[in-house]
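Engineer: For reference, the chains in residue letters:
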Amino acid sequence: MIRDTDKKIVYSNPFVPPEWIAAHGLLPCRIMPPGEGKSSHAGRCPYAQAFVNAAQVIKDGAAVVLTTTCDQMRRAHDTLQGSGLPTFLLQVPSTWEHNSSLKAYNNEIKRLGSFLTELGGIPPTCEQLKCTMLDFDSKRTQVRASRRNIPGRVFCELAFGHGRGISMFPSQGKQNGIPIALFGSPITAHAMDLLDVIESAGGRIAWDGSESGEGGLCRPFNRQALAADPFQEMVRAYFSSIIHIGRRPNQMVFDWLREQVKNTKVSGVIFHRQVWCDLWHAEVARIREIVKVPMMDLESTGAWQAEAPRLRTRIEAFVEALS
Amino acid sequence: MNRHPQQLNLAQWEERYDLLQKEGMDLPPYCVPLSTRAADGDSRLEHLRFDESSAALRLWNFLLSEEQRLKQARDHGEKLIGTMKDLGTIPVMAFALDKCRAFYPDGAWWIPCVMEMGAGLLSIADQLGIDDSFCPVRAMLGAFVTKAHFPIPDLLTCNVGAVCDDFSAIAQRLEGLGFPILWWEMPPRRAASVGEEAVSLPGGFETSDCQIAMVHDQLRRIQTALEEVAGQSLTEARLQHGIRRANSVRASLRELRQQVYLSDLAPLPSLEMLIVEMLALHFCSDLDETINVLQGLLQEVSLRRQGGQGFGKPDSVRLYWVNPVADLRVMNLLEECQGRICGTEYLFSHALDPIPVDRPPLEALACMGLADPMVGSSFDRARRICHDIQFFRAEGVVISRIPGASHCAWEGQIIQEQVQRRLGLPVVEIEVSPVTDAMCPTLQTRLEALVETIKKRRKT
Chain A
1 MIRDTDKKIV YSNPFVPPEW IAAHGLLPCR IMPPGEGKSS HAGRCPYAQA
51 FVNAAQVIKD GAAVVLTTTC DQMRRAHDTL QGSGLPTFLL QVPSTWEHNS
101 SLKAYNNEIK RLGSFLTELG GIPPTCEQLK CTMLDFDSKR TQVRASRRNI
151 PGRVFCELAF GHGRGISMFP SQGKQNGIPI ALFGSPITAH AMDLLDVIES
201 AGGRIAWDGS ESGEGGLCRP FNRQALAADP FQEMVRAYFS SIIHIGRRPN
251 QMVFDWLREQ VKNTKVSGVI FHRQVWCDLW HAEVARIREI VKVPMMDLES
301 TGAWQAEAPR LRTRIEAFVE ALS
Chain B
1001 MNRHPQQLNL AQWEERYDLL QKEGMDLPPY CVPLSTRAAD GDSRLEHLRF
1051 DESSAALRLW NFLLSEEQRL KQARDHGEKL IGTMKDLGTI PVMAFALDKC
1101 RAFYPDGAWW IPCVMEMGAG LLSIADQLGI DDSFCPVRAM LGAFVTKAHF
1151 PIPDLLTCNV GAVCDDFSAI AQRLEGLGFP ILWWEMPPRR AASVGEEAVS
1201 LPGGFETSDC QIAMVHDQLR RIQTALEEVA GQSLTEARLQ HGIRRANSVR
1251 ASLRELRQQV YLSDLAPLPS LEMLIVEMLA LHFCSDLDET INVLQGLLQE
1301 VSLRRQGGQG FGKPDSVRLY WVNPVADLRV MNLLEECQGR ICGTEYLFSH
1351 ALDPIPVDRP PLEALACMGL ADPMVGSSFD RARRICHDIQ FFRAEGVVIS
1401 RIPGASHCAW EGQIIQEQVQ RRLGLPVVEI EVSPVTDAMC PTLQTRLEAL
1451 VETIKKRRKT
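Which chain is which? The protein sequence lines are A and B, in order. When you number the first sequence by this note's numbering, it's gap-free, plus one each residue, and the end is 323. When you number the second sequence by this note's numbering, it's gap-free, plus one each residue, and the end is 1460.
The hints are simulated quantities; they were obtained by calculation from the structure and are not laboratory data. Any given hint could be a false lead.
[To be verified] Now the in silico label distances, taken between C-beta atoms and shown as ranges:
id: 1; chain 1: A; residue 1: Asp229; chain 2: B; residue 2: Arg1220; range: 24 to 32 Å
id: 2; chain 1: B; residue 1: Ser1133; chain 2: A; residue 2: Leu85; range: 29 to 37 Å
id: 3; chain 1: B; residue 1: Val1194; chain 2: A; residue 2: His98; range: 21 to 29 Å
id: 4; chain 1: B; residue 1: Arg1457; chain 2: A; residue 2: Gly84; range: 28 to 36 Å
Cβ coordinates follow ideal geometry from the N, Cα and C atoms, glycine included.
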């Protein structure tokens, strides 16, 4: 149970388990950076830069947690050091096929726990962790169930926040439109406008495989495993079920994508990536081969206000072509 | 020799080669006139200037004959290990086995420069969706596809984790093309947390016993894979012997760097020193010959120093260079701007440090892997750079960005701030693409401005 709502632990990456933070009595604060403001240096991922900008000005932040899922964010951690807030770099192994990788992630989550304790958090008992995990899990289940009944932007906000802060899930009735999937880099808050653009053009976000959407949610917890050892179940669920393009090898991403496209029968895919995001950029060709439906490659520079008209036109044309 | 050594262009080297031959120059069979290499496709040589010694000729031929060497090794039944994104760790293991040699596929990043885009490797990368927003190491993809620059290795390893995104992405793309890769993990180096034991690493960094244990496990997997490919056991004794041999290379390199960078006049030019330092990574696929090449250069440098001979002028500005250049020509350009290199961090200064011999060998190699400046924070790297700057008495710093490299976008600012804050030295940041001909005036202006700034500071 969250006991100290003043101490925000700021993060963005899906491999940071918010239930672990909450179980320590601190407030997990996953931020979707605004995406406009201080301009990016050449070569910097706009999302990483936007996160740094946002973390530097956040009010009531107690600490910032970044991960190693990409080198840009790993380097962003360096930039945040000396910003006044304690920072923690969570190693998320790129390799995943051997037990040593899961063990490394396991140890890192424990190390994160020690960091949270130093900030004033209290290590949870097994029972406290279990209750917190069940609470988050139930919210995520409700988020997933609401996909068909709420607009894409609302869903994205809910999924990004793991359904927190919502007592009643909104429903606006079954959403109609041409089923389109989103895939790729996480999006900034400003760029969420593109979800509105897709829907106003006649599309419907069938699923969002990016870090900002369903792709960034871990699988539902196995109740038996959770009862037996909640910490291990949390670690396994997060490490093994969240898809990430930075995994090595990353075949599981494409296997997941292939299944999703087949099962949901989407008419098209909008592949969104940040400029300078090498990990996603390198896979455009492979993704296009796998989805076998029309795919739009949308590169975002972070200057959303300037690029919105261009992107709007492209999205509208794409959705129109699908109809 | 009473006169100062000269830097020669290709045509001048033809005459020099004839002269040296008449004088009885004794070089291995792979050494040919550099014009032969240029005619074979290495056309960038026509735009470079070279040290005139036979030791330098041997160095250049050693570098440029690697492709033939690897092909011959394959023809003779040797096992080839492609060690990607590995700055000096696994080659030590591979060379400890008989009839097994390591090479560095990433080295293909220089092919577009050396062949002045003639090999078409970057075009192939473009067609595979890896365009020029990625680091020039994308040329490696083209090299694998064409199979024209090195044999496809028997085992391909790749370091991931605390590495740059573009290489990770390019290597994954390579696997997607059907080249199996043995991935191994490098955690981001950090200091020991509560409950962990702090361990000092070569180069002045620190880590924890947990991190060493993790990398040790990874190297054990590599060891098993090497043993399987080579059909031999990589015993502790063999590894220790391999480490001793690697350390002899590193000792020679350190000696050469100190002799060259600390001299009043540079006894060896910056371009040859860049090539020399690269030998630390994988011994240019021949560890024994690396030792011979280095010995030859050390002798030449020693003679020149005794005679007070060298390149440039005594008042040439002493510069510390950060990151390797994609275009070799820039090393000549620096000297044309009256600068000289006195100290370098070419992304792998840890490969110049001695591998510990007071630990079990795999653990020692794990320590070396974690001592990689690129694996830790940019502040760590900047600290090491500042230490070296003071040691080599550099007066200014050039940070050479690699186009598209994810780390360059972030760390340049930190390194610059740290150098200026700690040492108060001027810093310039430039970007060097594989062929800089069109950018030469811009680069020249920036380098000259730095040189002038430093000369003015001397007066005050």
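Engineer: When the structure is checked against the list of hints, which entries are broken? Sort them ascending.
Structural biologist: none
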